Every structure is written in C-alpha cells, then in structure tokens.
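**Student:** Single-letter residue listing:
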Amino acid sequence: MKNFVNKSINVVVGIFLVASLLRLPYLSTIPPLGVAGLIPRIITALMSIVTIGLLMYIVHKKTRNLSLTYASGLAFALMPWHIEQSRIVSPPMWALLVVLLTYSLVLQCNKTYVKLAITAFAVLVLTWVYPGILSFTQTSRSLNVLAHVSHFFRLISIQFHFFQNDSFWKGGLREWGVLLPTTLPIFLLGLFQLLKSVKWKHWGYGLYLVVIWLIAALNPLFPEGREFFLITPYISIIIGLGIIKLLDLYKYSTFKTKALLGVFFLFVIYEHLIFAHFYLSHYVKRIQYSIPYEERAF
Amino acid sequence: MHKLLVTLILSMRIRSSNLFKVWAVSILILATILRFIYLGQIPVSLYWDEVAQGYNAYSLLKTGKDEYGIQFPFHFRSFDDNKNPGYIYLSMLPVSLFGLNEFSVRLTSALLGSLTVVLITAIAFEMLHSSSRHRTKSRKFALLSGLLLAISPWHLQFSRAAFEANAGLFFLVLGVWSFLRIQKSPWWWYVSVLGFGTSVYFYRSFYIVAPLLLFSALWLFRQQVRKMSKLILVSGILLAVLISMPVVNFSLTANGLLREQQVQVFDKLEEETYASAQKILAHNNVWWARVIYNRRLVVAQTVAQNYFRHFLPDFLFLRGDGNGRHSVSGMGYLYLWQFPFLLCGVYWLLKANDRWSKYLIVWLLVSPIPASLAVPSPHALRSLTMVVPMTLIIAFGLTQCILTSRYILLRSLLIATAGILFFIYFDSYYHKSAVQYAQDWADGYKQLVHATLARQSNYDKTLISGYFWKPYIYYLFYTTYDPALFQKEGSSRGFDRWVFGGTYWGHSEQGLESVRDLRVYAKGNNILVALSSSEYNIHKRSVGKLEEIKDRKGNTVFITGEVNDETIKKLKYEEFRKQVY
Numbered sequence: 056m057k058n059f060v061n062k063s064i065n066v067v068v069g070i071f072l073v074a075s076l077l078r079l080p081y082l083s084t085i086p087p088l089g090v091a092g093l094i095p096r097i098i099t100a101l102m103s104i105v106t107i108g109l110l111m112y113i114v115h116k117k118t119r120n121l122s123l124t125y126a127s128g129l130a131f132a133l134m135p136w137h138i139e140q141s142r143i144v145s146p147p148m149w150a151l152l153v154v155l156l157t158y159s160l161v162l163q164c165n166k167t168y169v170k171l172a173i174t175a176f177a178v179l180v181l182t183w184v185y186p187g188i189l190s191f192t193q194t195s196r197s198l199n200v201l202a203h204v205s206h207f208f209r210l211i212s213i214q215f216h217f218f219q220n221d222s223f224w225k226g227g228l229r230e231w232g233v234l235l236p237t238t239l240p241i242f243l244l245g246l247f248q249l250l251k252s253v254k255w256k257h258w259g260y261g262l263y264l265v266v267i268w269l270i271a272a273l274n275p276l277f278p279e280g281r282e283f284f285l286i287t288p289y290i291s292i293i294i295g296l297g298i299i300k301l302l303d304l305y306k307y308s309t310f311k312t313k314a315l316l317g318v319f320f321l322f323v324i325y326e327h328l329i330f331a332h333f334y335l336s337h338y339v340k341r342i343q344y345s346i347p348y349e350e351r352a353f
Numbered sequence: 246m247h248k249l250l251v252t253l254i255l256s257m258r259i260r261s262s263n264l265f266k267v268w269a270v271s272i273l274i275l276a277t278i279l280r281f282i283y284l285g286q287i288p289v290s291l292y293w294d295e296v297a298q299g300y301n302a303y304s305l306l307k308t309g310k311d312e313y314g315i316q317f318p319f320h321f322r323s324f325d326d327n328k329n330p331g332y333i334y335l336s337m338l339p340v341s342l343f344g345l346n347e348f349s350v351r352l353t354s355a356l357l358g359s360l361t362v363v364l365i366t367a368i369a370f371e372m373l374h375s376s377s378r379h380r381t382k383s384r385k386f387a388l389l390s391g392l393l394l395a396i397s398p399w400h401l402q403f404s405r406a407a408f409e410a411n412a413g414l415f416f417l418v419l420g421v422w423s424f425l426r427i428q429k430s431p432w433w434w435y436v437s438v439l440g441f442g443t444s445v446y447f448y449r450s451f452y453i454v455a456p457l458l459l460f461s462a463l464w465l466f467r468q469q470v471r472k473m474s475k476l477i478l479v480s481g482i483l484l485a486v487l488i489s490m491p492v493v494n495f496s497l498t499a500n501g502l503l504r505e506q507q508v509q510v511f512d513k514l515e516e517e518t519y520a521s522a523q524k525i526l527a528h529n530n531v532w533w534a535r536v537i538y539n540r541r542l543v544v545a546q547t548v549a550q551n552y553f554r555h556f557l558p559d560f561l562f563l564r565g566d567g568n569g570r571h572s573v574s575g576m577g578y579l580y581l582w583q584f585p586f587l588l589c590g591v592y593w594l595l596k597a598n599d600r601w602s603k604y605l606i607v608w609l610l611v612s613p614i615p616a617s618l619a620v621p622s623p624h625a626l627r628s629l630t631m632v633v634p635m636t637l638i639i640a641f642g643l644t645q646c647i648l649t650s651r652y653i654l655l656r657s658l659l660i661a662t663a664g665i666l667f668f669i670y671f672d673s674y675y676h677k678s679a680v681q682y683a684q685d686w687a688d689g690y691k692q693l694v695h696a697t698l699a700r701q702s703n704y705d706k707t708l709i710s711g712y713f714w715k716p717y718i719y720y721l722f723y724t725t726y727d728p729a730l731f732q733k734e735g736s737s738r739g740f741d742r743w744v745f746g747g748t749y750w751g752h753s754e755q756g757l758e759s760v761r762d763l764r765v766y767a768k769g770n771n772i773l774v775a776l777s778s779s780e781y782n783i784h785k786r787s788v789g790k791l792e793e794i795k796d797r798k799g800n801t802v803f804i805t806g807e808v809n810d811e812t813i814k815k816l817k818y819e820e821f822r823k824q825v826y
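In order, the protein sequence lines correspond to chains R and F.
Numbered by my numbering, the letters in the first sequence go through residues 56 to 353 in order.
Numbered by my numbering, the letters in the second sequence go through residues 246 to 826 in order.
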C-alpha cells in the first residue's frame, strides 16, 4: 500500500481532488436537500471518495499495473452514476463501500477462516446498511419469467448504460445514461481487451457480476431498485482498460490518427462539461419542480 | 498397408462429404417447407405493398407498363413511395405462371429466402474452411448456420411475405459468398459485384449496406484481392457502378427522395432542435450556449440511440419492433436459448481474430446504419441484413461451446430446449399471431371486394372507404382489372364503377367522415357503400346497413350499406317512430 501511494502520489492526489470537487461542493443545494439532512449526505459523499481509493488499491493489488489503477480510479471518479449517488443519501453507495472494503481486507489476509469470517460479517453489515438488496426474495409470488428476462436484458443494454438511465430513484438523473455516450467506444475497447485476456480461472469475478445482475433483475420493484450499482467497479475497470489501450494507440500512431484521437478526447471533455452544466443547472430545477412526481413514485 | 490406409481415409472423406450433402439438402428441404407451407393463407392477408407489387407485376406483364402507364420503370411510383423495381420484375414470372393471387406474389420472397439458407451454409463453410485453426469444424458450422437460418423467426417472418428486403438479402449474401471464392477463380469477383449491385434494386437500405460491405471485403481480404489482375478488379468495380447507377441515380432526384423524406429521422426532431434553439436564445446567443445546445448534437445523439437500439436484447429476443407485420406475438427475432451462444460467439470471434471474423463483425455493425437514420427505430425490416451475421455468430458460438464438448446431456438438453421453443414459435406464427395481427396485414379487404362484387350490379356506383388506406389497389388486384384500361381511365380515386374515399390524414385527400352527402361524392343516386365503423356512425342516418365485414380476429373492418331515396325515407321514418314511441 505504502509503495503504491509513494510511487505516484501526485496522480492519486489528482484523482482524489477531482473526485472531491465533483462530490463535495454545493452538497446542501445540489440536488435540493431531502428529509435526511446534510450530515448523512456529507458522510455518503466522503464514503464515495473512499470507494475510489479502495478500487484503486484492489486493482493495484490484483494486477500490479499502475496505469490500470489510475485509469480505473479516474473512470470511477468521473462516472455520472457514481457522482449522482455520491451526492445523495444513498444506501447502495454504503453497500458498495462495504463490498470494496471487505474485498480489500480479504486480500490482506492469508488464512481462509479469517477470510470467511470477514465475508460473513460483511454480508450481515451489507444487509443492515442496504436492506433493499434482499428485495429479490419477495419476487417469487408474482413470478413472470418473461418480465424478469426483460429486466436482465435491460440492465445490460447500451440504452440503459449510455443513453437513458430510466430507473427512477430519488434524485435520479434519467436524462443521461449510467455512463456518458462518448465513453461507449472506450468501454467497447476495454471490453475487447478484457475478453482477449480473460481466463477461465477468473470465473469468481464473473460469479459476483452474475449474482448482482440476478438480484437487480429479480427486484419486484424494478426499475426502482439500485442493486445494479454494485457492479460499477467492474465498469470502471473496463473503461480503465479502454483508456490505456486508447493512450497506447495515441502513442504509437501516425499524425492523422493522433489528430483523430485528439478530436475524440476533446469531444469526451466537451461531453463531460455538458453533463456538469446539466447537473448543476437544469437537473436542480427539474428536481425542484418534480416533487409531486417524486411523492408518487416513492 | 499404406495403400489400404489411403483408400480407407479417402472413402471416409467421401462418406463424410456425402453425409454433409445429405444434411445440407435436408436443411434446404426444411427451409423450403417452412417458407412455402400455407404461403397463400398465412399471413392472413396481403398488405398494401404486397398487393401493389403484385398488380404492378401483372400490369408489366400485360402492357409493359406500371399502373401509371410508365414503360418498364426503374422506380415504381405506386403509393408515391417510389418502390424499388427488383421485386416487381422478379414477380412477373410467378404471376404469369400462377395468376394474380397471394401465392404468386409471395413466391419470389419464399424462394429466395430458401436459397439464402443454402448461401449462408456455403458462406459458413468457406469462412471456416479458409481458417487453418477452425478448418475441422467448418462442416458442422456450415450446417448449423443453415439450420439456424432455416428456423430463424427473423428470416422466416420476412420470407413468407413479399418483402423486397428479403429478396435483396439473397443477392447481398450471394455477393459475399462469391467474394469469398475469388481465390478459386477471379471470375467469382464478377458474380460478387453482380450480387452487390443487384441488391440495391430491391431495398433502399442496401444503398448503404452493399457498398460498405463490398469495400470492407476489399479491405479485409486485400491479400487475395491483390492477386487479381488490376483489369479484372477495376472492371468489376465499374460493373457494380454501372449496374446500380440507374436505380441509385433516380433515388437522388427530388422524386426519388420522397420516401426518404417521409421516414428520415432528421425532420422528426423539430421539437428537440426547437428546444435547443430556445435554450441558446435564453442565453443571449452567446458562443458557449451555441456550443452546448448545438442542434447537430441532438441529431447525432438520436441517430446513435437509434443505432444502438438494434442491439437491445429486448428487441432481439423478447419484443421485436412492435410492428405486427414484423414479428410474432411475445417473441423477438432470435430464440431466447440463443442468447448465451451469441455472447459465446462474439467472444470466440474476438479471440479468432481472423479476416472472416472481422468481416462478420463489420457486417453486424454496418447493418443497422440505414435503420438508424429513419424512424421508427428499431426497425427489423430495415436492419434485416443483421440476421446473417447474427446467425453466423450464434452458430459459431454453438460450434465452439457445445458441439466440441463431450457433455452429451448438455447437448440433449439444448436440443430439447431449442425444439420446444421452435414449436412455441411455430404455433404462435401459424395460429395466434395470424389472428392477432390480422389488422396489420390489412385483413378484410379481400372479403370486402368479394362482398361488394356480389351486390354491386344493383347499384349505380360503389363507394369504398379509404379509412384504412389505398383501397383501390385491392380492387385492381382481386378483380384482375385490365391494366391498360386502368392506365387510361383510372386513378386511386376511382375507376369503372368504383369510387374511393381518402384518409383524413392524407394530403389532398378527403376522408368520408368529412363528406356531407355520400351520393354527391360518388356521383350516383343509388349507391353501394363500404364504410369503416366510425364513418358509418357519422352517416348512419342515410346508410341502410347491409352487412358487416370482419377480419379473422372477429373485428368489424367495414360495414356495407346502400344509399338511395328509398333507404333514406325508411331511415327517417324509423327515426321518427323511435322519437314518437
């Protein structure tokens, strides 16, 4: 851990600075304060910043790849879904912290029984901080197979991820996807890299993904549930892989390709600025005037 | 001993090759049966475009001109949508052989659909046979690809009706298959460009897809292409340009662009672009507002969304595009059991990293481009070319995951699941959906024509509602009206003793709902009318009801009645009696 931080203190500080700037300012007004008050909101925002650090630690510990560590951390810090959930009182964010913290601790331990004990304790804490994760257990009474299959598909659709996150929790930012559209090529590139290099021995990571996917899709209140938020570290790592590949391409390409990639990077920045503008200006107004709607929905 | 071994191996090869042929022929037979069985009866009725294609083919056959009297046109004006000519010209033969009926109109599509199954088998074989790593699996992969396309809900749906895109797909696939064979003989290059060039005669999506596929093939298989002489290469490209020029050229004229203007996405975003203009004005037209709220971005985002909607699993596996003519009830275009194999196929394809695997990915990515530029989106017909790469990818996933595995139980389970889902689809297509989507297939027109023909001798004129759009074409089709006479005297508003109303939403048309006196409109004193239910409710004081025309679902589509002095008197008297008593 020490080595990891010492080596690249500037980059890590930079990422935390970006994360803090996106999560802490105007926390009492954007989005408008709910009944929970400011303190729990500040706590959630701080927790979200910790999750970024934990993700970077886990990636570094597992891959020993500093570039991937930074890229994943940056992707996590800039992810619209993560930002949105950081700025409200969000049980899924607490759950994410528990998951990442547990995995970090497990990585530190050598003895299996300690690992199991930590995991069992973490499951208890998880259900305490985020009881909604057990909603799927109530689904069997009205089991409609095709509807649930549709939920499965919706959660992995490009529409949901990049264009319209239409799950409408309080403070939900439905006008944008979980990620910004310009992230799509980077995501696909990262996915391509991942599929090329993934091996069968990594099946455990896939299992976690499938379990969360199942839990989210089986929620009887779909699409209001937010369980799928727990897969965001995966998305960040995939985008991280994409960023590295893109930077490699930039490094070893001709002038024309460099120019093209440069335009693309500018476009990515431009879209992030638009998102920031929308979030700071229009979204706040929309939320203010949609209180009756929120009352009905929640 | 050595000789014996060689003989044995050779005989095994022959046997295995024979087995391959037997399987391939069986799949072709299956594909043909699935596409030809009850072809005239299911779908339940010919929809507007099918009838127009059939009658124009008949008109060409009899007079050498289309319904508007234009001699052997490159575009058929039809419903002012300028239909591409390929399907109509190909339909001339079946119409001349079997007469003007449902079967002959759909025959071309069904036949070319069956032959596409043969071509996809051949493509799959060529693709894997050329790969040193996967050569041993080429036959299994080829047969599986053929089988999957033979039973594909997507392909079956469009092969069993006169969809031009399906016929065009055959030529496109022919182009790709021939291209894969240019190593064997450069003459295949000419067949290939002929295939690509001809496909644009069938459907407008191919204007974009065909050249993109041709040029990506040239790029990805450039090593083989370089072995061809430059003369052959250039002459082939010139041939493609020459073939496609007449039809593409017309499409770029103002008349040719009419249909594009009706469906293109750019004009449908007025509200969104207006909203972005308002936001710019609200910020006093400053430069950063012009950048942030730029209307071009709104259009770009919509096009991108439309494009990616074609990859939505919900669209592909569960719901389809919502058009009753494009899918069966409760199903998408691929079977649910194929989902994991699609993912596996993509995974193995990326791992394979061959030229052909790259070409399949390009094909898949190029296919939805035309559909993303139009509304509504997603659109299964405009993105029909996706069906081929999808099928090949699923077949590849299956070949890699299951066929090479030793788990017999897993294989049996898969076959059972696939079989059950196929029979569910089969039942849905031939029973439930045939009835459920009767209205989408314009069911009711044929019954109406026969009902009015039986009665019309007692009346001066027959007035037919245009509520459900373009009734004239059904009268031309089912009465096999003399095309020469229609070209001379007829129009979509009337011919012979038939007069047709318009739609309330049509340009320069008048729906019968807004007509005050039906007899004045029809220019007759004693007229037979066929109205929609809503039109009948408006005119029921003057229309003596005769019969209700229902579709297969049991919904009333038309109500026939008579309008004359006697009926009106009778109706007035009954109304008076009701008021008094």
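Fair warning: there could be bad hints in the mix.
[What the hints assert, rightly or not] Using 30 Å as the maximum straight-line C-alpha spacing, the simulated DSSO-like pairs for lysine-lysine come out as follows:
1. R/Lys251 <-> F/Lys733
2. F/Lys823 <-> F/Lys715
3. F/Lys475 <-> F/Lys596
4. F/Lys715 <-> R/Lys300
5. F/Lys814 <-> F/Lys768
6. R/Lys254 <-> F/Lys266
7. R/Lys340 <-> R/Lys306
8. F/Lys603 <-> F/Lys691
9. F/Lys790 <-> R/Lys251
10. R/Lys116 <-> F/Lys596
11. R/Lys311 <-> F/Lys790
12. F/Lys733 <-> F/Lys310
13. F/Lys596 <-> R/Lys300
14. F/Lys815 <-> R/Lys311
15. F/Lys596 <-> R/Lys117
16. F/Lys382 <-> F/Lys266
17. R/Lys254 <-> F/Lys815
18. R/Lys166 <-> R/Lys306
19. F/Lys798 <-> F/Lys768
20. R/Lys311 <-> R/Lys117
21. F/Lys475 <-> R/Lys256
In short, the hints are calculated from the structure, not lab data.
Just so it is clear, the structure is predicted and the values come from calculations on it, not from any experiment.
**Student:** For the pair supplied as a hint, F/Lys596 and R/Lys300, confirm whether the alpha-carbon distance does not exceed 30 Å.
**Tutor:** 17 Å, holds
**Student:** For F/Lys790 and R/Lys251, compute the direct alpha-carbon distance and say whether it is at most 30 Å.
**Tutor:** 71 Å, violated
**Student:** Is F/Lys814 within 30 Å of F/Lys768, Cα to Cα?
**Tutor:** 19 Å, holds
**Student:** Does R/Lys117 lie within 30 Å of F/Lys596 when you go C-alpha to C-alpha?
**Tutor:** 24 Å, holds
**Student:** Does the alpha-carbon distance linking F/Lys475 and F/Lys596 stay inside the 30 Å limit?
**Tutor:** 34 Å, violated
**Student:** So if I understand the rule, the pair passes when the alpha-carbon distance is 30 Å or less; does F/Lys823 with F/Lys715 pass?
**Tutor:** Roughly 38 Å separates the two Cα atoms, so the pair is violated.
**Student:** Tell me if the straight-line CA distance from R/Lys251 to F/Lys733 falls inside 30 Å.
**Tutor:** 67 Å, violated
**Student:** Is the Cα-Cα distance between R/Lys254 and F/Lys815 30 Å or less?
**Tutor:** 85 Å, violated
**Student:** Given the hinted pair F/Lys382 and F/Lys266, is their Cα-Cα distance within 30 Å?
**Tutor:** 15 Å, holds
**Student:** Is the Cα-Cα distance between F/Lys475 and R/Lys256 30 Å or less?
**Tutor:** Violated, because 50 Å separates the two Cα atoms, which is more than 30 Å.
**Student:** For the pair supplied as a hint, R/Lys254 and F/Lys266, confirm whether the alpha-carbon distance does not exceed 30 Å.
**Tutor:** 38 Å, violated
**Student:** Is the straight-line distance between the alpha-carbon of R/Lys311 and that of R/Lys117 30 Å or less?
**Tutor:** 36 Å, violated
Of the numbered hints listed earlier, those contradicted by the structure are 1, 2, 3, 4, 6, 7, 8, 9, 11, 14, 17, 18, 19, 20, 21.
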